[in-house]
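Novice: Modelling step: build the complete structure from the supplied sequences, incorporating the hints.
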Amino acid sequence: VENVRLLDRLSSRKSALGTLYLTATHVIFVENDSETHKETWILHSQISSIEKQATTATGCPLLIRCKNFQVIQLVIPQERDCHDVYISLIRLARPVKYEELYCFSFNPKLDKEEREQGWKLVDLNKEYNRMGIPNNYWQISDVNRDYGVCDSYPTEVYVPKSATAHIIVGSSKFRSRRRFPALSYYCKDNNASICRSSQPLSGFSARCLEDEQMLQAIRKANPGSDFIYVVDTRPKLNAMANRAAGKGYENEDNYSNIKFQFIGIENIHVMRNSLQKMLEVCELKSPSMSDFLWGLENSGWLKHIKAIMDAGIFIAKAVAEEGVSVLVHCSDGWDRTAQVCSVASLLLDPHYRTMKGFMVLIEKDWVSFGHKFNHRYGNLDGDPKEISPVIDQFIECVWQLMEQFPCAFEFNERFLIHIQHHIYSCQFGNFLCNSQKERRELRVQERTYSLWAHLWKNRADYLNPLYRAEQSQTQGTLHPQMASCNFLYKFWSGMYNRFEKGLHPRQSVTDYLMAVKEESQQLEEELEVLGERLANLQKSQLNDSKVKSKQQDRSKQLGLSTSNNSLANTPQEYSNDLKSFPSRSPSQGDEEDSALILTQDNLKSSDPDLSANSDQESGVEDLSCRSPSGGGCLPSEDSGKDSDEAVFLAV
Amino acid sequence: MEFAELIKTPRADNVVLHRPFYLAVEGTLCLTGHHLIFSSRRQDNAEELWLLHSNIDSIEKRFVGSLGTIVIKCKDLRIIQLDIPGMEECLNIASSIEALSTLDSVTLMYPFFYRPMFEIVEDGWRSFLPDQEFELLTSVTDEWRLSCINKEFSICPSYPPVVIVPKSIDDEALRKVALFRHGSRFPVLSYYHKKNGMVMMRSSQPLTGTNGRRCKEDEKLINATLRPGKRGYIIDTRSLNVAQQARAKGGGFEQEAHYPQWRRIHKCIERFNILQESLIKLVEACNDQSHNMDRWLSKLEASNWLTHIKEILTAACLAAQCIDREGASVLVHGTEGTDSTLQVTSLAQIILDPRCRTIRGFESLVVREWLQAGHPFQQRCAQSAYSNSKQKWEAPVFLLFLDCVWQILRQFPCSFEFNEQFLIMLFEHAYASQFGTFLGNNENERSKLKLPQKTMSLWSWVNRSEELSKFQNPLFEANSLVIWPSVAPQSLQLWEGVFLRWNRPSKFLDEAQEEMINIIKYNKELQAKVNALRRQLAEMETDDRMQENL
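Protein chains in written order, with UniProt numbering: chain A, 1 to 651; chain B, 1 to 550.
Incorrect hints may appear among the rest.
Selected chain A positions facing chain B (Cβ under 10 Å, derived; list incomplete) [unchecked claim]:
id, residue
1, Gln507
2, Lys517
3, Glu526
4, Leu530
5, Leu537
Just so you know, the hints here were simulated from the structure itself, not pulled from any lab data.
Yeah, the Cβ is synthetic: ideal placement off N, Cα and C, and Gly gets one too.
Specialist: Below you can see the structure in the form of structure tokens.
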């Protein structure tokens with residue numbers, strides 16, 4: 001469709017004219033501007049809603065909201081075209097078969113071996129070995145080898161040694177969806193562990209001997225402590241309501257030596273509505289400070305984030321400080337339980353704060369334990385009531401921690417944002433389906449690629465320059481003592497207003513420092529080369545032998561001037577009054593700055609952000625081109641597009 | 001008056017000091033004329049706390065049996081608690097502190113007694129003289145002149161002795177204009193934008209009154225700043241409504257009919273007690289840790305602090321936009337032209353002028369646009385967030401300005417030569433200081449108090465390399481462009497460095513800061529080494545070649 005206008009949300013003055021293409025996998029908008037031909041690519045799987053708005057004199061507006069929080073507003077001149085695009089997108093954005101998803105057509109031009117290597121990057125057995133398991137207390141159980149006991153659990157489950165198959169099976173029958181207590185994290189320093197399960201089917205009075213034995217076994221696996229905590233992450237009222245349906249929570253009288261604790265985290269429906277409300281606030285056009293803060297409060301989002309953090313902190317404290325094991329569950333034990341276990345692990349173990357460790361953590365607590373990615377993130381068309389930003393909240397918790405502990409994480413904010421992006425993108429197979437069982441049946445590992453390998457290959461982009469493995473923050477447990485303070489929880493504009501570059505700091509400290517570090521590394525190398533040359537020269541002079549001086553000088557590109565750090569940005573609309581001032585057109589005087597913008601846009605990098613629309617580029621982007629690794633040589637997104645272009649031509 | 005009269009108990013032992021995030025320490029409390037000193041001589045934990053009495057905003061006392069407790073709330077927002085054994089001692093100490101922290105006379109303040117322990121390299125009182133500023137201006141334009149019309153502060157008591165005005169306007173005309181402007185604050189040059197020759201002027205409101213009085217000289221004066229055929233903007237920092245109401249009290253705004261070449265824009269920046277209330281509410285919210293998440297956000301919202309930040313920044317951005325993008329000259333004023341006007345003109349300069357983003361340039365900006373421009377520091381900064389006095393003229397105008405600068409700094413972390421600490425330091429010294437810089441309400445009062453002769457300038461202390469190093473931003477890369485900050489609510493944040501400074505552990509943030517400095521330092525060292533080696537190599541190679549040629 002030609003002559004489509006792409007509107008800028010921040011400024012009604014700016015809009016770009018271009019052509020809209022629909023392909024099998026992407027919506028592509030190419031600007032007419034002959035110099036840049038700036039492209040905006042949107043994966044169909046990222047589209048969360050499409051809204052056709054009332055036709056105006058200029059055309060028919062189409063609003064596309066994406067799951068990665070991008071909002072695109074298009075104006076299509078012909079009502080008919082608009083309707084066609086709308087109908088097509090509605091169908092394209094809601095695939096009904098896994099095979100329709102992008103990961104099955106995505107080809108990053110890797111051979112089979114590389115693909116297999118990619119899938120091996122994260123190995124959970126190795127991870128449990130790292131924790132020190134199997135050992136005297138814990139062992140791997142094959143009770144679920146054919147998913148016979150629990151179809152949403154992995155085949156390999158770690159359980160206390162004293163828990164026999166009989167106990168496990170018995171316990172599983174007393175738990176929702178047969179999700180029996182299994183090990184999530186083990187602290188080898190004091191034998192305390194974090195286990196996870198679903199709620200017991202206790203109703204008002206039911207008991208299960210095997211389940212009680214199972215909890216006993218967990219306690220016995222930690223000889224240093226004479227009780228375990230059972231943490232129910234639901235609000236008490238919800239848990240009590242469940243009793244009427246024959247579910248519920250553990251009765252302290254029936255289980256010996258447990259301390260039962262409610263930590264009220266709301267359910268997926270509350271969270272979905274909360275996010276919805278917060279996004280409405282983010283979408284407000286020029287909101288006042290009060291509108292924004294009031295809306296943020298009203299959404300309750302930060303309150304929910306804090307509740308998850310509080311639960312994680314409680315568990316981490318029990319394990320690290322009290323040396324007490326914890327069993328965590330919610331209802332089904334695949335949403336809140338996953339959030340809380342992974343937050344606690346992250347606080348407890350510095351390994352999970354490294355890049356690889358974080359991949360392992362998501363693989364362990366989310367992917368392997370059957371977090372329902374397909375349902376929660378709406379990869380296939382399904383029940384909208386199943387959709388909820390569960391892992392988004394976990395990712396935000398990590399960001400909140402990064403803000404409080406700037407040196408504790410090996411990775412940076414971009415790493416988190418890209419993970420969130422790919423959870424919805426379906427470009428990689430990692431997060432397909434609802435369980436390990438489904439993924440195996442679909443032969444995901446043979447037919448798709450792993451995100452972790454992709455991120456690992458581009459790890460230079462995701463490093464936190466301030467990370468110091470040996471620094472105090474990275475040693476052992478993080479103690480967010482101040483976690484009880486509300487003011488530490490902040491709105492994450494880098495995520496929820498991700499595509500509105502104008503709102504973000506215009507210069508990125510992270511990128512700047514990374515560039516400096518990279519330069520330092522090059523300087524070190526040069527220092528070595530120069531030192532050698534000097535030594536050679538001195539030797540040759542001492543020997544009084546005539547050495548031809550080498551004419552070719554090493555290219556002196558190293559004195560990287562940071563003047564390319566210069567900013568090009570345009571003022572926002574600070575006043576509506578200015579528009580009516582007749583003498584000048586608003587874009588005049590922009591030339592010198594916009595020249596800078598153009599040069600930056602031509603530079604591609606592996607950052608998917610860059611393929612998105614934004615006209616308020618600034619230091620953030622030019623810095624990424626300062627780093628050699630961002631120089632467009634990476635096959636990541638770009639190659640993804642290449643293969644797409646082929647698809648497009650075929651269409 | 002002798003301070004000794006006020007100090008009934010100069011010393012108390014076995015006092016316990018409580019601060020958030022520190023273990024309580026026992027030690028000795030001493031009171032001197034200007035300081036409260038707490039020292040603990042414990043082997044493992046020797047430390048001293050010196051607190052200026054003038055930093056104390058309020059003091060509360062309570063008793064449990066014979067153990068007295070005083071809670072001291074400071075203007076820098078810190079709160080400390082002292083447990084003092086003995087009811088009488090405690091009462092004496094509390095009343096002494098109360099008296100000493102509320103001295104009436106300026107000349108009893110610490111700056112008049114302070115003797116510097118450092119060598120004075122440069123007298124800060126002479127660091128930023130108007131003549132120097134004017135010299136810089138004459139190198140780019142000759143359309144302006146330095147007028148000494150206010151030499152004896154006879155025309156305008158709140159203006160400095162010399163001001164910059166259009167060359168074509170003589171002193172006689174200025175005298176008439178002064179009569180037409182509130183407090184005689186006639187339009188003067190605030191900033192000259194070298195890039196396109198546009199200017200920003202500031203003044204107070206015109207005294208049009210209800211019958212629409214006009215002043216031809218005033219019109220001529222501000223028109224003199226316009227290029228032929230061009231128009232300009234008048235940014236009135238008050239809402240139209242407020243400006244209209246001001247007419248009843250003799251004030252008002254420029255009528256279109258009399259100023260046809262100017263377009264007026266009204267912005268709404270609050271003043272006085274509204275700002276003070278806002279500060280009090282904000283600090284209250286920051287100190288109250290009992291409430292839940294929702295209450296925190298609504299209290300933050302209810303304080304309106306960030307709303308004020310947004311309004312001020314928006315007005316400043318607008319002024320900058322008119323000058324840089326619209327190529328128009330600008331006149332800024334509110335009512336008196338001593339508060340919101342200065343916020344707007346100084347912030348606009350930070351946006352437009354890279355010089356103002358250097359340490360020295362920023363100091364010069366504070367001197368020009370705040371001290372010399374007659375912002376009444378003594379009135380505005382007499383009390384801070386904990387005071388109960390609620391005087392009408394107390395207002396955190398300067399703190400709001402610093403907060404706005406911090407917001408821009410946060411958005412452009414590599415474009416400023418100074419760091420957050422520098423801004424916090426200025427905040428502290430504006431409220432309580434050993435230096436005379438922020439004493440008095442204007443140059444007139446400062447000269448009467450003979451501050452340059454009798455006190456030390458803050459700049460004499462800051463501009464020594466030992467101090468400067470603390471305030472330098474390791475990420476600074478000179479950026480000659482105009483920087484346009486975002487004023488969207490998502491982009492504005494609470495200034496934690498000031499408002500949560502005493503309520504959160506800073507260890508991890510400090511470590512990050514340290515790491516940042518180390519990364520940059522290491523890079524610079526390497527660069528120096530590589531350069532030295534290159535030079536050495538080049539020399540040797542030329543030697544080599546010469547020998548070869550021989």
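Novice: Now tell me, hint by hint, if it's right for this structure.
Specialist: Going down the list of hints, with the structure as the test:
{"no.": "1", "hint": "Gln507", "result": "4 Å, holds"}
{"no.": "2", "hint": "Lys517", "result": "6 Å, holds"}
{"no.": "3", "hint": "Glu526", "result": "6 Å, holds"}
{"no.": "4", "hint": "Leu530", "result": "4 Å, holds"}
{"no.": "5", "hint": "Leu537", "result": "5 Å, holds"}
The structure shown violates none of the earlier numbered hints.
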